[in-house]
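A.B. asks: Turn these sequences into a full structure, and let the hints guide you.
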Amino acid sequence: MEKRATFSAAWIGFGFVLPQILLVFTFFYWPSGAALFWAFTLERPWGGGNEWVGFDNFRQVFADSAYWASIVRSLFFALATTLLSMGSGLLLALSCDRGLKFSLGFRTLFVWPYAIVAPAAALAFRFIFAPDAGIFSMLTKINPEFWNPSQNGYHAMFMVIFCYAWKYTGLCFIFFLAALQAIPRSVIEAAAMDGASATRRIRDIQLPLITPTIFFLIVISITDSFQDSFGIVDVMTDGGPAKATELMVYKIYFDGFRGLDYSGAAAQSIVLMLVMMALTFFQFRFIERRVHYS
Amino acid sequence: MRAKLLITAAAALLAASTAAFSAERIKFEFWHGLTGDLGEAVGEVCKRFNDSQSDYEITCTSQGSYDNALQNAIAAYRAKKNPTIVQIFDVGTLDLLLSDAYVPAHKLMEDNGYKINWDDYIPAISNYYADSKGVLNSFPFNSSTAMFYWNKDAFAKIGKTEAPKTWEEAFDSFKALKAAGYECPMGWNYDPWATMEQFSAIHNIPVATKANGYQGLDAELVMSKGKFVQFVKDLKKAYDDGQVKIKTPATGETIVQAFANGNCQVILTSIGDHGTVGKTQKPDLHWDVAYLPVYAGTERKNSLVGGASLWALKGKSADEYKGAAAFFNFLAKPESALFWSTRTGYVPVTKSGFEFMKAQGFYNNAPYKGREVAIASLNASPVTELTRGLRLGNMVQIRKETVDTLTDIFANKVSVDEGLASLNDRANALLRKFEKTYAGVQLP
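If you read the protein sequences in the order shown, they are chains A and B. Residue numbers for the first sequence follow the numbering used here, so the first one is 1 and each next one is one higher. Residue numbers for the second sequence follow the numbering used here, so the first one is 1 and each next one is one higher.
Treat the hints with caution; some may be incorrect.
[Unchecked claim] Label-pair ranges, simulated between beta-carbon atoms:
1) B:239 x A:117: 35 to 45 Å
2) A:23 x B:283: 41 to 51 Å
3) A:49 x B:220: 43 to 53 Å
4) A:117 x B:343: 46 to 56 Å
5) B:111 x A:69: 48 to 58 Å
6) A:64 x B:315: 28 to 38 Å
7) A:275 x B:317: 46 to 56 Å
8) A:178 x B:314: 52 to 62 Å
9) B:314 x A:281: 42 to 52 Å
10) B:428 x A:203: 52 to 62 Å
Since the hints were derived computationally from the structure, they do not count as laboratory data. Just so it is clear, CB atoms sit at the ideal spot from N, CA and C, and this is done for glycine as well.
C.D. replies: This is how it looks when you write it as structure tokens:
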């Protein structure tokens with residue numbers, strides 16, 4: 001006798017998923033479809049006609065050396081912010097997990113940056129890093145060459161990376177801490193009784209046991225850094241000086257929303273989507289192998 | 001209990017009747033892009049209109065910025081939920097002009113029985129927004145032009161009581177100011193409008209072919225030759241000698257702040273900042289505004305208008321258009337000009353408005369004294385083909401490319417000639433793309 005409750009008719013099941021499908025369709029497939037269509041046409045902002053141009057928009061985007069530079073820049077930004085935010089997040093989480101002094105307070109404090117909206121954080125950092133007014137102006141006063149993000153592209157990029165990583169450290173911290181606390185104390189205590197030092201315990205027990213979290217954070221951080229960076233760039237540098245901080249997503253925003261070049265922006269977002277899909281595929285294919293799910 | 005019920009019923013009745021009363025007024029919406037003090041000033045204009053008559057009620061909503069006002073209006077228009085009136089900034093004019101989304105200003109007024117004296121508009125302002133037949137499709141609203149702001153105290157120290165009239169004199173003054181110990185003789189922010197575009201108009205040299213784009217979408221940028229090159233080279237030299245300093249939000253201080261607190265002795269910016277400087281200046285600062293300098297031997301032409309105009313968008317009821325026409329008619333009155341220019345730093349857009357303000361003694365005393373120079377600058381000559389303005393597609397991107405190029409030049413990454421040449425190429429690619437987007441559309 002069948003004891004499990006099953007629904008014989010397929011339409012009941014379909015009925016249950018229908019709201020979800022509708023949501024996904026309205027907020028994902030439909031806009032993506034529209035972007036795909038616009039990428040192959042020349043769309044007039046106020047409507048009233050669009051012409052099919054095939055791959056012209058893509059050709060134009062790829063023919064622009066500034067666009068290639070923005071792809072390289074975005075990859076570098078993703079790598080740098082992911083390393084920086086995950087590294088510092090992990091360090092803070094390990095310290096908190098060890099129950100050092102005041103760690104209970106810090107546990108709350110370290111998450112705060114993530115709760116601050118990007119433009120607000122960017123505004124604060126713009127002031128801190130301003131060569132004429134902020135804390136860093138001490139460097140500028142010694143020699144203008146030392147610190148001038150308004151003209152030196154490397155300085156500006158550092159500033160944007162730092163601000164973004166600062167904000168995302170909080171997110172990494174909370175995930176790492178949760179993962180570390182999920183490790184049974186007995187394992188760590190046993191290792192300690194065997195004479196393993198703190199660093200040894202981190203290397204051989206804690207890190208291997210939190211690899212699923214590390215992998216998850218890598219995927220999330222890289223994906224987010226491609227999408228979520230534009231607010232910070234917009235407030236801190238406007239993509240400048242001379243495009244030095246123009247990331248792919250900022251260029252999409254600028255061309256599409258400020259410049260009303262809907263088709264060029266649509267083509268760029270298709271490229272961005274493909275780049276992100278390729279990166280995620282790569283991560284699942286090659287990095288996930290090293291992950292041990294218990 | 002019963003008394004309470006009665007009171008509630010009475011209140012409900014009252015609410016219903018007031019609702020019915022206000023429903024008699026035709027309501028329509030106006031979206032604008034001004035914020036802060038300027039946004040409040042627009043709100044006051046709307047209130048004045050609502051109080052001045054009882055047939056219409058305008059609701060004015062700030063969209064946060066010019067960019068947002070444009071983007072939101074487009075999104076709303078495409079969803080058929082647009083406001084009746086929208087404020088579109090100068091460089092957004094062309095996209096809207098080429099579309100089918102607006103009711104032409106002159107048609108709106110004729111249909112609703114208003115007679116507007118179109119010749120009353122100051123030529124430098126009306127020509128900017130007019131189409132090739134000289135007809136206005138939108139109403140010039142907040143208008144300004146760029147000025148030379150100079151610190152009288154600093155110039156007195158180098159023995160000057162007047163602002164420099166030529167760039168030669170100006171660069172000499174910067175040198176003298178530097179020698180007199182001023183850290184920042186001129187503050188600059190790469191602004192293409194206040195420097196490059198204004199420079200082209202007052203020197204009567206083209207930014208682009210086809211009369212700066214007014215005669216066709218196939219115009220090409222021509223900024224890599226002649227006086228532009230000399231101007232950028234001279235600025236660069238002054239910068240290298242420490243006489244010009246970069247002041248942007250990224251450096252921690254805008255040019256207007258740097259001027260108001262006395263750090264920089266000269267800036268080039270909109271007359272719209274006249275009020276801000278006055279309100280935020282250091283207490284004992286003596287300053288004034290003057291014409292932008294020209295190179296010696298140049299016959300000065302009128303400077304360019306900047307700002308925004310008001311458009312009536314399609315898809316509204318006849319009643320709402322009646323309201324919009326009444327609002328535009330209200331704005332065209334000299335009294336409205338006086339209120340608007342007193343409250344903000346913008347110039348009056350009509351001759352009668354300017355005359356009225358003069359007659360009221362508006363320009364005689366501080367803090368408004370000096371603002372008449374902006375009108376004089378706009379009226380410096382009859383408007384020529386090259387001083388109307390710029391009617392170029394993808395202008396927002398072209399301006400950004402200009403800023404990027406200037407940044408590269410000033411950071412010694414490219415030479416002036418190379419930089420301006422590559423700016424030309426990049427701008428032309430943008431212009432061709434725009435032309436293709438509107439293939440088959442005649443520039444009105």
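A.B. asks: Next step is simple, just say for each hint if it's right about the structure.
C.D. replies: Structure-based check of each hint:
no. : hint                      : verdict
1   : B:239 x A:117: 35 to 45 Å : 36 Å, holds
2   : A:23 x B:283: 41 to 51 Å  : 59 Å, violated
3   : A:49 x B:220: 43 to 53 Å  : 24 Å, violated
4   : A:117 x B:343: 46 to 56 Å : 32 Å, violated
5   : B:111 x A:69: 48 to 58 Å  : 52 Å, holds
6   : A:64 x B:315: 28 to 38 Å  : 37 Å, holds
7   : A:275 x B:317: 46 to 56 Å : 48 Å, holds
8   : A:178 x B:314: 52 to 62 Å : 55 Å, holds
9   : B:314 x A:281: 42 to 52 Å : 47 Å, holds
10  : B:428 x A:203: 52 to 62 Å : 58 Å, holds
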